[in-house]
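Could you put the whole structure together from the sequences, leaning on the hints where they help?
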Amino acid sequence: MYATDTFGNPKNIAIVKNTDHDGFGVEGKTTGSGDTKELGNLGNGNSEKIVIEFDKDVNSLDIAFAWRNNTETARVTFVDNGKIVGYAEVTGGGDNTKAKVNYYSPTGELIKSVEAQGGTDRVDLSYTFELPSKDGGLVSFDKVEFTAPNYDDDYLINKIAYKEVVNPDVTDIVTEGGKVTFDIQIDEKYPPQGKATAIVEIGGKQYEVQLNATGRGTLSIDAKNLGDLSKVEVKVVEVKGGNYEKVNSVTKEFDFTSSGDNSTPSSSDDSIITEEDTAHILKVTDFGNVSVNTKEFKITELPTNGKLYLIVTKGETIIDKDGNKTIATEDTKVEISKNQIVTLADVGAGRVVFEPTANSDADGQFKFQVGDGKGHFSSEYTTTIDVKAVADTPTVSIDITKVSETTNSSSESTTKIGTTDSINNIGTSGNDTIEVNKELVMNDKIDLKDGNDTLILNKNINQVTIDLGNGNDKVVINGQVNGSNNINLGSGDDVIKINNVVTGNTHINGGDGKDTLYLSGNKSDYIFNWQTNNNGMIEGSITDKKGGGTIQYNQMETIVFGDGSYIGQKPQEEAPAQTIFKVDISAALTDTDGSETLSVIIKNVPASATLESSKYEVSKNSDGSYTVKVPQGETSISDKLTMKVPQEDAKNINLQIEAKATEARDNEDGQNFKTATDNTTDKTSTLVVGSNKDSVINGGAGKDILIGDTGGTELNVQPGKNYNIALVVDTSGSMKEASGSKTVWGTTISRIDLLKDALKNLADSLKGHDGKVNVSIIDFDTKAKEPITFNDLTSKNISDLITKIDALKAEGGTNYEDAFLKTTSWFDTQSVTYGKAQGYENLTYFLTDGDPTFSNRNTTSTGTTTEYSDMKDAVDAFKTLSGQSTVHAIGIGNGINENYLRFFDNTDIIGQGDVSFGYWFWKQTVSGNIGKPDIVNTAEDLKAALQGGSVSEDILDVGSDTINGGDGDDIIFGDSINTDNLLWNGRFVEGHENYMSKGQGINALDKYLSLSKSGYEDMTTLEKNMAKFDYIKEHHSDLNVEGDTRGGDDIISGGAGRDIIYGQGGDDTIITDLNTNNGKEDGDIIIDGGTGYDTLILEGDNNIDFSLLKDVSITNIEAINLTQGNHKLQNLTLDDVLKISGEDNTIKISGDEFDSVTFKNTVGDDGKENAWSKTEGTGADKGYDIYMNSGDPTVQVKVEQPISDGITN
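Take the sequence shown: its position 1203, counted from the start at 1, is 1511 in the numbering used here, and no numbers get skipped.
Heads up, some of the hints might be wrong.
As the list claims (entries may be wrong) - Have a look at the derived ranges for each label pair, beta carbon to beta carbon:
| hint | residue 1 | residue 2 | range |
| --- | --- | --- | --- |
| 1 | Pro1510 | Gly1387 | 25 to 31 Å |
| 2 | Thr690 | Asn632 | 23 to 29 Å |
| 3 | Thr637 | Asp1460 | 47 to 53 Å |
| 4 | Asn1302 | Asn796 | 18 to 24 Å |
| 5 | Thr985 | Gln940 | 20 to 26 Å |
| 6 | Val1297 | Lys1490 | 55 to 61 Å |
| 7 | Gly658 | Glu561 | 28 to 34 Å |
| 8 | Thr727 | Asn960 | 32 to 38 Å |
No lab work stands behind these hints, which were simulated from the structure alone.
By construction, the Cβ of each residue, glycine as well, lies at the ideal position given by its N, Cα and C atoms.
Structure below.
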C-alpha cells in the first residue's frame, strides 16, 4: 500500500488515531475545509490516491470509511493486469439514511446500484465492494485505487478486508479430498442492515457463515466430510442479525457422483455470437454444459472463419500440440493449432480468444473434446460461430491540381500604371493585362506587342496612339475619348469597348481577324455618317451625339450598342474566365466479400462550378454536393475529374470526399454502415510574382515559387533643355589679326573669320537640338550693338542667323562693360516669356581676342591699354550677368591676357583673384571671383558643346515585401530574380529586335523561354507560368547572384517544408523553421540573406545543433534573433561562423535567459586548435559577450548577455 498524487509522485500516508474517526489518509493540503491528513481532492479534476496492490486476484472488498459525511463521495477504482476494469462510488448516507454504492464500467456506464447502511462522519460500518461482470459473476482485480473525485471530497479509511479468488482448477473430490465451496446469497434487494450471520446445516452439522454488506458469504468444506456424495443436502436454517424480522429457510441437494473416479468427462454442442472484426473471449460456457470433472479442452477442428489464440504472459511455459515446451519472452498471443489442449483455467481466466477473419462476416465452427486432465477425453462436440456483419470503414482520398485557365477582362490586372508611372515599354511579347490609372495626353503611345493582351484605361485619353499588336486583344476605355486618337487593333480577334463619350475624332483600325467595337450608348445615341459593308467587313463613320466626337472605323466586323442592337456580323458571346482543376479521387471498400456496397459524394464544390468525369456518371445533388455513381459490383473507384470554376470563385478551394460502405447483411435498421472522409486544399505548385511595390505574397499548400518583385527597367527619356543663348562677340579691330588656323591652301585665317566659322557650326548644331533654343548675337567693340534675336531657332530660320554672323565686321576698341550690360538687359527681356518658370536655362558664350580697353565712363581712351576703370567697370557689370547666366569665356588667338579673362568665366569658379593698376600711392586693385576660361587657336577648339537630350533605361526600384511560404517545399526570392546572365542573340545590342537591357527580372526569363523553348509562344498563360516555374526550380541558384544589392527590406517566412530562401538585396528578416530537435536536420534547407544587414529568426522552441547540419546551407546572415521562444544553438564552430556570416565575419545573437549558445573548439587543417575566447563587450557592444577565435582574428560573435553561453571541446 502506498500514496501518490494524481501524477504518480510519492506522498506520505497519514494516520489519525485515538479519536472517534480513526483511519489513514494522505498528508497534504487539499480543497475545501478538510484536514491535511485526509485523502482529498486537489482541484481541477485531480485527487490524492491510496493504492493497494494484491499478490493474488481479489473479487470482494469490505471497506470501513471514517470522517466521510453524507455530502462526500469516495471512489474505488479496480485494476487488473494494468487495465481499469471498472470503479465504484459510495455517496450519501447518514444516521437515518442509506448510502448508495454505484458500480460503473471503465467508460463510466452505470452497471449496478446497491443500497447500504448509512455513514456517520465518524467510523462507518463496512461497505462491501464487488464489481459485477456481464454474466452475473464477479470481476477479479489485483489493484485498487482510492480517490476523492469531486471538489471538497475528503475522507479517511478505517479498515480494509479482502477475499482472494478461489483457485479455478476443479479438483477430483473423492480421490483428491478436494474442497467444495458453497455460495450463500441473500436476495440483493434486501441486503443486511448491520452484521449478519447465516446458519448453514450440512450432513447434520451446522456452520456459521458471515455475510457481507451485500448479503453474500461462502462456505468451503472438505469433500471427505460431505458423507454420501450422491445426495448432499445443504440447508440455510436461519440468518441472525442484519435487522431481519424473518428469513425463509432454503434447502438444496447436490449429486457429486457423476464426477466419480472412473467417469468420462462430458459436454454438449454450443454456439457463440460475435461481430465482424471483433475478437471474442471464450468462456467455459462456450464449450457446452461441461461436466464437473472437466479440466481441459482439446481443439480437434479449427474454425474456418477465423483463428483461435492463447494469450500468454512473459515467462509462461507454452506447450504446442506435439508437447514441445517453450518459455514466452514477452506478453503475446499464440495461435492455437489442431489437437492443441488448453486448460479449463486458461479458458476461465479469459485467455482463449477467437478472432474472425478480417473484414469477413462468414459463419463457422470449431470442434473440441473435454478431458479430465488424466488422458481421458469425451466424444467430439461442436461450437458454431455466428459472425454478425459490421460495415468496415472504407479508404478514400482526394487531391486537386490547377491545370489551365481561360481569361477575359474581368481577370485581375497583372500590371497597374499609376499617375506617376511611365507608360513606356509596358507591353511584352506575352499575354499582358494592364490597367492604366492616369490620363493619357498628346504624343503618349502604348505598344502592347504580341500576345493575348487586355488593356484597361480608367482615365481620359487625348491625342494618343495605341497599338495592340498580334493576338486576341481587348481594350476597355472607361474615361472620355478626347482629341484625335489612333487605335490599331492588329491581327487577331480583337474587342474594343468605349464606356464613355467621344468628344474628338478617333480612328479605329481593326486589322485582320474578327474585330468588335462595343459602345456604351444606345444605337439612337449615334449619327451614322456613312458606312460600307464589304463581305462582312464594315467601315464607316459615326458621331456621338452626347460627346460630339466622331469615330471612324475600318476593317471591323461588328459594332454592338448598349441596348444590345448591333450592325455587321452577329456578336459572339464572351465566355467567362474560368480556372480548370484536375480532381484526383479514389475510394475503396475494406471488406470485399461482396456484402458491402460503396457510394461516393463530393462536397464543398463551388456553386458556380461544374464537375465532370469521362469514366463515371456524376450528378449534382439538391444540396450542392455531387454523387459519383459507383458501377454495380465494383468495390473501388479511381478517376481524374475535371472541375471548371469561374475565376472569381477559384480561390481557397477545399473539397471534401465522403465514401460510405453499407453492409447488406444484419442491417435491418439501416444503420450498419461506415463512412470515411478526406479534405484537400489546392496543392497546385504555383509561381507568384509580386509587383515592384510593397506587397504581401502568400504561398499555398503546394511546392511554390514566390518572387517578391517583378523587376524590369523604366525608359527614362530626358529631353534636351530649353536655352536662351547669348553669343557675346568681340568685333574690335584686333579681330582682323591672324588666328592659329590656316586654310587648306595654307593661308592664315583671321580671328574674325575663325569666329564666324565657329558660330556657323554652332548655329547648325543648334537647329537639331531637341529642346527649344533662343539665340541673340551681341557684338561689341568700343560700344556694344543692340542684340539681334532669333527665338525658337529651327532649320527654317537658321539661314537668317548665319546671314547676321557673316555680316560681322572687326573695328574699334574693346568695351566689356557695355557688352555685359546689353546681355543682361536681353536676358531680362527674355525672362518674361522664356524664363526659368517656363523651363529655360540662360547660357552665354563670351568670345574675345583682347583685353578691355574702354568702359562706358571712359570712352576717350586710346583703346591700346587696359586701365583701372576699364577693368573695374567690366567686373562690376559681369557680376550682374553672372547671376543670370552661365558664362563660358573663350579667348581667341595668341596674346590673350588670361589674367584678365579669368574674371569673366563662372563655369568653374576656383576662388578669388585680383589685379592691380598703378604704383605706390596711385595703385588701384580690382577683385572678384575667377574661373577657368578656354584659350583657343583653332576651329576645332572653338566648337561649342550643348547638352542634348538623352535616353537611358533605369532599373526600377523594388518594394519591401512580406512573403509567407505556407506548406510545401518552396523556393522564395525576396526581390526580383537576377536574369542578367540569360543570353540570346541580340540581348544587349541596342536596336536589335531582341534587345533587352539588364535588370529585367522575370520579363527576361519570359523572353529567354520564348526564344529557346519550343512551343512556348503557343502556350496558355498557365502553361507559360509552369514553364517558368520549371526553369526557376532547376536554376534557382543561378538566378540569385552574389553581391546583387538591388532589393527592399523584406520579411520572409518559409512556413512548413524544406524551403529555399534568398533574401537578396536590402535588410531582410528571415523567419525559419530550421531545427535539429529530433536529432537530425529538418525545416528550411537553404537560407541566403544576400546583401544588406539580414536577420535570422528561429520559430517556436526550435534548437539547432550545427554538428548535425549536413545538407543545410546558411549564408550572408548578420544577426540571429532567439527572442521568440526558447532556443539552443549548439556546437557553433569557426567554420560555421565563416559560412553563415556576411563579409565582416560578424554575427550578432540576441535572446534572453531561456536561450543558450555553445561554441565548439576545433582543430584546423594545419593541426592547430581553433579555440574560442570570450570578452565582455564595451561601448556599442555593451550588454554582449564577444567571442573571437584563434583560427581567424577577424571573426566575432556577439552574444547578448542574458543568454546562457559557453565553450565545449
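Against the structure, the hints:
Between Pro1510 and Gly1387 the CB atoms are about 27 Å apart, so this pair conforms to the stated range of 25 to 31 Å. Between Thr690 and Asn632 the beta carbons are some 28 Å apart, a value that agrees with the proposed interval 23 to 29 Å. Taking 47 to 53 Å as the suggested C-beta distance range, the pair Thr637 and Asp1460 conforms, at roughly 50 Å. A hinted range of 18 to 24 Å for the beta carbons of Asn1302 and Asn796 is consistent with their spacing of about 23 Å.
A hinted range of 20 to 26 Å for the beta carbons of Thr985 and Gln940 is consistent with their spacing of about 24 Å. For Val1297 and Lys1490, the hinted distance range of 55 to 61 Å is satisfied, since their beta carbons lie about 57 Å from each other. A hinted range of 28 to 34 Å for the beta carbons of Gly658 and Glu561 is consistent with their spacing of about 32 Å. Against the hinted window of 32 to 38 Å, the Cβ-Cβ separation of Thr727 and Asn960 comes to about 33 Å, which satisfies the hint.
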